[in-house]
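There are 2 protein chains.
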Amino acid sequence: MMAGMTETPHPLYARHADTLTRALTAITERGYWSAYPESPSPRVYGETAAAEGKAAFEAYLNGDFPLDQPGSGDRVATEASPFGLELNVRYPHAAADELVAAASAALPAWRAAGPQGRAGVCLEILARLHGHVFELANAVQFTSGQAFVMAFQAGGAHALDRALEAIAYAYAEMTRHPGTAGWEKAVGKGDPLRMTKTFHVVPRGVALVIGCNTFPTWNSYPGLFASLVTGNPVIVKPHPLAVLPLAITVRYAREVLAEAGFDPNLVLLAPEAPGEKLATTLALHPAVKVVDFTGSTEYGEWLEANARQASVFTEKAGLNTVVIDSTDDFAGMCRNLGFTLTLYSGQMCTTSQNLLIPRAGIDTDQGHRSFDEVVAGIAAAVGKLTADPARGVELTGAIVNDSVLERLDEVARVGETVLESRTVEHPAFPGAVVRTPTIVKLTADDTATYSREWFGPISFAIATDSTAHSLEIMRATVGEKGALTAGVYSTDEAVLDAAEAVAIDVGVHLSCNLTGGVFVNQSAAFSDFHGSGANPAANAALTDGAYVANRFRVVQSRRHA
Amino acid sequence: MMAGMTETPHPLYARHADTLTRALTAITERGYWSAYPESPSPRVYGETAAAEGKAAFEAYLNGDFPLDQPGSGDRVATEASPFGLELNVRYPHAAADELVAAASAALPAWRAAGPQGRAGVCLEILARLHGHVFELANAVQFTSGQAFVMAFQAGGAHALDRALEAIAYAYAEMTRHPGTAGWEKAVGKGDPLRMTKTFHVVPRGVALVIGCNTFPTWNSYPGLFASLVTGNPVIVKPHPLAVLPLAITVRYAREVLAEAGFDPNLVLLAPEAPGEKLATTLALHPAVKVVDFTGSTEYGEWLEANARQASVFTEKAGLNTVVIDSTDDFAGMCRNLGFTLTLYSGQMCTTSQNLLIPRAGIDTDQGHRSFDEVVAGIAAAVGKLTADPARGVELTGAIVNDSVLERLDEVARVGETVLESRTVEHPAFPGAVVRTPTIVKLTADDTATYSREWFGPISFAIATDSTAHSLEIMRATVGEKGALTAGVYSTDEAVLDAAEAVAIDVGVHLSCNLTGGVFVNQSAAFSDFHGSGANPAANAALTDGAYVANRFRVVQSRRHA
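Line by line, the protein sequences give chains A and B.
Every letter in the first sequence is one number past the one before it in the UniProt record's numbering, and letter 427, counting from 1, is 427.
Every letter in the second sequence is one number past the one before it in the UniProt record's numbering, and letter 183, counting from 1, is 183.
Simulated from the structure, these hints should not be mistaken for laboratory data.
We put the CB at the ideal spot given by N, CA and C, even for glycine.
Just so you know, not all the hints are guaranteed correct.
Simulated DEER-style distance windows between Cβ atoms [stated by the list, open to error]:
{"hint": "1", "chain 1": "B", "residue 1": "S296", "chain 2": "A", "residue 2": "T447", "range": "41 to 49 Å"}
{"hint": "2", "chain 1": "B", "residue 1": "N306", "chain 2": "A", "residue 2": "E52", "range": "49 to 57 Å"}
{"hint": "3", "chain 1": "A", "residue 1": "S72", "chain 2": "B", "residue 2": "H560", "range": "23 to 31 Å"}
{"hint": "4", "chain 1": "B", "residue 1": "D191", "chain 2": "A", "residue 2": "A273", "range": "49 to 57 Å"}
{"hint": "5", "chain 1": "B", "residue 1": "A331", "chain 2": "A", "residue 2": "A105", "range": "40 to 48 Å"}
{"hint": "6", "chain 1": "B", "residue 1": "G46", "chain 2": "A", "residue 2": "P286", "range": "40 to 48 Å"}
{"hint": "7", "chain 1": "A", "residue 1": "P286", "chain 2": "B", "residue 2": "R308", "range": "13 to 21 Å"}
Calculated from the model, a selection of chain A residues having no Cβ within reach of chain B, i.e. all distances over 12 Å [as the list claims (entries may be wrong)]:
{"hint": "8", "residue": "S39"}
{"hint": "9", "residue": "A49"}
{"hint": "10", "residue": "L405"}
Simulated coverage check for chain B against chain A, where a stretch passes if three residues somewhere in it have a Cβ under 8 Å from a Cβ of chain A [what the hints assert, rightly or not]:
{"hint": "11", "stretch": "175-183"}
{"hint": "12", "stretch": "199-209"}
{"hint": "13", "stretch": "304-312"}
{"hint": "14", "stretch": "516-526"}
{"hint": "15", "stretch": "534-544"}
{"hint": "16", "stretch": "550-559"}
Please build the complete structure, drawing on both the sequences and the hints.
Put into structure tokens, the structure is as follows:
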């Protein structure tokens, strides 16, 4: 029903219409669906894909990244790999004004392409990126410190799924109104009033995406594609330590845009020189009307308060919490939580930090377990996953940057360490900085310690008076500081309900009794929302109507029919 | 597909489901539809409705308004009728904290009612208000200064249509995701992973609606009902000079809520004592998470900058503009514009202020018309509509407040007055303050004069070098100051297209060649968007997805199936 749907659809739209239709169904049903296979197996991707992707990645190292953008020609190289690799990729550097001017000039023709034309191009970009998913995975691995399989999944397939999800929401939102409508109103005995109305989808302006170090693609793609498909040219400002994954993304996006006859400056990379504060300059630029940010609470709140000319979407820090009341599968609970704490050395924004456990212990299928036994069970599960360095590093990956190491030093002094963080030699990368998770015992009174985020492989086992007390602490801390995830273990329906009531009150997503292959720190695109926007950890969810609806406006014209 | 839809639907939902379904279709099609007849004729509303409504209105005068709300028991009476009536209605007065506390306490049960339960109650409130539409119309007339028929239509039927439209958008948004979803993911050769996911619609908190003097109901209802149906208790802060229409609204809303078993404090009236600045206190309250405001640019921008804890929706001032290039119906154009300038003495936020006309004149079906002849034609049309006082006042109504009179004095000194504003004796209300529209001639160089809003019966005929110059002025002034409406008259498709291109660039809705019964200052619910949110005159449109999507969040819980 869009204007132009009776005309031949854009060829790229036609090519990807089935995928978009399936995605539109998926966001309505929110059951399981994925468009991009998450297994890097040669059976899925072919025998040569992995080696080709690795080679493509390696070809970027110690060289000028191939990107033809406006700018003076100088280059920046700011990355340092958590795996100890020498990266030294040199990216073209431009001033904020140059980038914004180039993006602004590209806007009108992109706006005129309409929802269908833009969706076709964006879906072709995703297809192109998927064709280079091993290249992307290597780039994510060696900048973020994620182990390869996780980098392939979270940084590749799942990031593409989240991008598609954002495109689907935005397309649904742009096309919920017809492109043109007839309007006929009876008036007395005369001819009816007849008007033809045209509804134009109009972007907000230039969009800015500010990437993070740990999930350069996964956390950037939803905003990037939600803004782009709604007509906004996008400037991608990567984290200085994780530029390559987004540089590759921008490279292929520009390639597709140019092939489709659009100005490639619709997607621009904005790498920054050390200390340049390019994100701040861009975020305050009057032409920048949408900002997506993932990172610290401090900077996220600064953006919300200061980038007043823009709609600002932020994901910040929080206090992910698990309330442990009882379980009918003690071993499964410990395994499940142990995996959550170990994966990517706890460097996910969704990793549980505060484990609230009654000091008198809990009832389990193995009988009563004391507080110390519960903590020991979780610690043992972590220990088992990390005991063998070769297998362990495929879960933990490497430590993303020095601030995590500093926190690991600091946390050893705040309470009794139940599980010590160990330094592990990476069998394949001798320069990799690998640390196993630590668990520190606290009491409910140690509020000052556990009510701040300790990003990294750091969790607290907090002894409470009772489960009711645990829920009170969850309410107070998540209410005040926010969280992206919460979990509860209980065999008592009343406790599960009480936890759900608290989760609703403080606006955090809750996972109940996870003992198998689903983990509190993982969310599935098209089904799970990531973040709620209902607590201080994030002002938006990935992805829902509110995430896309403010990225464009409808401007109407009407004429007598 | 909401959780609970297999259960018996809420009886109020069942009662109004057909209306809601029809409204949901209307917002998808955006053709003509209305749920509430706009004709106050006895043939539509019955022989006694008008008299009963008038009597109900009069019963409020010089008395304590019947509203049982929290508070100390003191009362405020701040209204002064543009028609010279003694109103002296005394409203219960409460402190901001009392109102917020009462609203907050009402939230959990309302949240738990779910989208369907809340929609049923909100639709019943609309039905109840519709049953009292003559009472409302009288209250709107005698506080805003609108003539009766307009008060009935804009303040009654159309306001209810806009409320229903907002409810429909919000309901669609709340139910675009299922209440529960199954999720099943195949994993290797074992059993698939199976989860049951529950998606809770969670309101943002307490909502505040700040009403205006001219359209106390029409401009307040969309925000009021969008916030209420999404689960937010609403505090309604009326303009001190237009309390009664919103007091009546709150009265019947509370009646319906109580009958349906909910806390009536879900809707609260917050009349203020002179100089109290209650809107500011409420808008900055940490529990207030949504603010809707209609009024001055200055205060709207203050709210946007300072009510940082809330989503703020504002409609402010702008420079409504008409570009006159040529016409094949000179008489129709003059009649149409004359009506627009005359209706409610130009005191609509959508009334055209700046008429941009080439100084060399325009081509018409009556031959070439000089600049002065075009202006004279429009002035004559205004003159004809206002010549007879008895008929004139049924269009102009009365002047809403003294600041309009002050501007009328001031404008007589800024240029050559082509059409003088006249004082008219109202035949029925000797105390009524009635003024006819004025038109002042300016040149394109008088930017300082025409680039501010002169709210009231004030328009400028601005001589430009050419239509291209007119479009440049439109681009510059609307781009910088915003507008709610724009119009263009031309027989040249290229000019219409150029005007539409400018309208898209500056984000203003455009009406082309209106010469009949549709006017640039009127928008039809379910079809026309009011405001675009794409220029400085408003940061949101009535009503679209962006207007409702940020009023709630989805909080998810998941369990193994």
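Now the hints, each set against the structure:
1. Taking 41 to 49 Å as the suggested C-beta distance range, the pair S296 of chain B and T447 of chain A conforms, at roughly 45 Å.
2. Hint check: N306 of chain B to E52 of chain A, Cβ distance near 55 Å, so the stated range 49 to 57 Å holds.
3. Separated by about 57 Å at the C-beta atoms, S72 of chain A and H560 of chain B break the suggested range of 23 to 31 Å.
4. Look at D191 of chain B against A273 of chain A: about 53 Å separates their beta carbons, and that is inside 49 to 57 Å.
5. A C-beta distance of roughly 44 Å is found between A331 of chain B and A105 of chain A, which places it inside the suggested range of 40 to 48 Å.
6. Between G46 of chain B and P286 of chain A the CB atoms are about 56 Å apart, so this pair departs from the stated range of 40 to 48 Å.
7. Between P286 of chain A and R308 of chain B the Cβ separation comes to about 20 Å, which falls inside the hinted range of 13 to 21 Å.
8. Annotated as non-interface, S39 of chain A brings its C-beta within 12 Å of a C-beta of chain B; the closest such distance is 10 Å.
9. Distance check on A49 of chain A: its Cβ is at least 21 Å (rounded) from any Cβ of chain B, clearing the 12 Å threshold; non-interface status holds.
10. Here L405 of chain A stays apart from chain B, with its beta-carbon at least about 34 Å from theirs, past the 12 Å limit.
11. A stretch counts as covered by a chain when three or more of its residues have a beta carbon under 8 Å from one of that chain; for the stretch 175-183 of chain B and chain A the count is 6, and the coverage holds.
12. For the stretch 199-209 of chain B, the assignment as covered by chain A holds, since 4 residues bring a beta-carbon within under 8 Å of that chain's beta-carbons and 3 suffice.
13. Coverage of the stretch 304-312 of chain B by chain A holds [criterion: at least 3 residues with CB-CB distance below 8 Å; count 3].
14. Check result for the stretch 516-526 of chain B against chain A: holds, 4 residues qualifying (beta carbon to beta carbon below 8 Å, three or more required).
15. With a threshold of 8 Å between beta carbons, the proposed coverage of the stretch 534-544 of chain B by chain A holds, since 3 of its residues qualify and at least three are required.
16. Against chain A, the stretch 550-559 of chain B contributes 8 residues with a C-beta closer than 8 Å to a partner C-beta. That satisfies the three-residue criterion, and the hint holds.
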